[in-house]
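Given next are the chains, with one letter for each unit.
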Amino acid sequence: MALPKRIIKETERLVADPAPGITAAPHEDNLRYFDVTIQGPDGSPFQQGVFHLELFLPEEYPMSPPKVRFLTKIYHPNIDKLGRICLDILKDKWSPALQIRTVLLSIQALLSAPNPDDPLATDVAKHYKEDEKDAQRVSREWTEKYASK
Amino acid sequence: MAARVPRNFRLLEELEKGEKGIGDGSCSYGLMDSDDIMMSNWNGTILGPGHTVHENRIYSLKIHCGDDYPEKPPAVHFLSRVNLPFVSPIDGKIDPMRLNVLSQWGRDSSIETILVGIRREMATANNRKLLQPPEGSTF
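Chains as they are written, first to last, in full-length UniProt numbering: chain A, 1 to 149; chain B, 1 to 139.
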């Protein structure tokens, strides 16, 4: 079975017309598997960082959401130690009208707006709730340490 | 051609399955280090099958998934001493050529199928009565 037309179109557009601060390129030997980078948004503790992610489009895509995870360590209440992301559109709020591009933009937005009330990394979320300034300091340190260009 | 799940997403699936618990609980596994982002090193546990010399023994194993997992099987070692024909008496390494679940490895195989396969081997007519090292000794 060939790659579905929808995936081909999305890939072409991602490469030809990338969203600002985001790159996504398919692996040559698996066109459903993408290498992704997201730049930390300006004004966030992740500013100046470049974060590597991996994205996979399962057989059921677009009826099921893509699977995405961070490969770069990041101190963020909604991202756990294995890089797994807590984001509603990757779970129950997924709709086939969404695309790879919208998913990656939502992850970029999540970096600007951590949500410690819906945590995946509970210790990081606790830190963010108790002392946001200090938690952001650690996020900046990790960005410098693990996500430098 | 069906979608081919890449190594890391495949291991995440296995991790989530292992965290929920598999089968009747006689085999279990998990990451050795919970922030190992490449998910290479795993612990496994096998509860010795009943009505064999292994009954009531708990065996610990380590499993290493390389970069080419699941195209290639992982390397598997017993940490607990055990006497089985496919386990090196020197360092506990399993000889993949002598264990079906490793010699006939395929994409559908998993850490779970290895542990279940080893436990099944412990209960075969040839292996169930083998003299064993003292309980609790390690390699």
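No lab work stands behind these hints, which were simulated from the structure alone.
Just to be clear, a hint being listed does not mean it is correct.
[As the list claims (entries may be wrong)] A few chain B positions that, by computed beta-carbon distances, are all more than 10 Å from chain A:
no., residue
1, R4
2, N8
3, L12
4, G21
5, S34
6, S109
7, T113
8, T124
9, F139
[Said to hold, decoys possible] Each pair of labels, with its calculated beta carbon distance range:
no., chain 1, residue 1, chain 2, residue 2, range
10, A, P4, B, T113, 28 to 34 Å
11, A, I8, B, N43, 22 to 28 Å
12, B, D36, A, R6, 31 to 37 Å
Note that the Cβ used here is the ideal one computed from N, Cα and C, for glycine as well.
(request) Enumerate the violated hints, using their earlier numbering and listing them in ascending order. (result) Numbers 1, 2, 3, 5 and 11, in rising order.
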